[in-house]
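Novice: Chains as they are written, first to last, in this note's numbering: chain A, 75 to 258; chain B, 7 to 157.
Hints were generated in silico from the structure; no laboratory data involved. Wrong hints could be hidden among the right ones.
As the list claims (entries may be wrong) - Distance ranges between label pairs, derived from CB positions:
1. D67(B) to E253(A): 42 to 52 Å
2. Q202(A) to A95(B): 40 to 50 Å
3. S117(A) to S135(B): 48 to 58 Å
Ideal Cβ positions, reconstructed from N, Cα and C, are used throughout, including at glycine.
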Amino acid sequence: MWLLVWSLWVVAIPSWAGQLPINTRLGGEFSLPSTVGESSSLSDFKGKVVLLNFGYTSCPDICPMVLNRMAAVMNELEDERSKVQPMFITFDPKRDTIERLQQYLKYFGDDFIGFTGSEEQLAAVARQYGVIAIAQKSDSAAGTLYTHSDYIYLLDRQGRVRALFAKSDSIDKMVDDIESLLED
Amino acid sequence: MKMCLVALLLVVLPGVVMASDLEVEQPWVRSVPPVSPNTAGYFMLHNNSKQERVLVAVSSDVASSVEMHTVVEQDGGMSMQQLQEVKIAAGDCVMFEPGGNHIMFIGLKQPLQEGDEVKLTLQFKDGESLSMLLPVKRSQDEAHQHQHHHH
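Just need the whole structure built from these sequences, with the hints factored in.
Specialist: Put into structure tokens, the structure is as follows:
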């Protein structure tokens, strides 16, 4: 199912606005318990450009790597940092409590906000954004590990998805794209 | 392709006997938030001998378990898979790097601080072992280093 949603991104014919196309297939409003409130919505951050990533704090390799990239982008922004909101949504609510998300994310920046919720809520948001997160069986002592996508989503000041950044995208490119949205 | 550099930097613990034909380059462990139970370690391992070497186990005192894993693209996502062994052909080298092969430290006994060094021992099928120290790094430059690794 999520694969199907994800593949729609690939075939979607985006409408163009400025440099970055508006992705009409992915994204949308969500309201979840967060590190800044009992229920925070994407629309609470209207007016800010949003960098959004999905992951889990027990992830030893991919997630901290991606969050380090987000932190590097935020650090490059300097004066414009306050106009950009970094967000992290877990897909592992059993282990990722609000408290754990708070402690985990402040390491990457005081302005990082974490979201959790029920498994149903989080699965719904993951579907909206075409995120793949499949708990995998393994004999590893790490317990549940996830097969997951690792895009960083760039949302404009109206909360619309404007880009998905992969590992191959440079910090400079991400900063340039953010700045182009801030100029819109 | 993954490149193994020519310049070698041998990291050896004083007093640890090791095979001179196995060399480790650029070892490090990612520092993670103190609340995070797991992290990963990386290095390049050169086999300068004329025989294939097989890495069969890894161990360290800093975590309750240490495993070898790799990351493969699967079902449109990145999937972590445990490795029981890693073969290094004669004269070849293997990379342990973010988003690829890595040493997984599971259940850290205490948070690792930047500047700490983690002792890791590699066990080979032929009975040899190799110990090394991996400096703990924040790796702010990680993103810059790895932007060309996606194919």
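Novice: State for each hint whether it applies.
Specialist: Each hint, compared with the structure:
1. D67(B) to E253(A): 42 to 52 Å: Holds: the Cβ-Cβ distance is about 46 Å, inside 42 to 52 Å.
2. Q202(A) to A95(B): 40 to 50 Å: The hinted range 40 to 50 Å holds for Q202(A) and A95(B), with Cβ atoms some 46 Å apart.
3. S117(A) to S135(B): 48 to 58 Å: holds (57 Å)
Checked against the numbered hints above, the structure breaks none of them.
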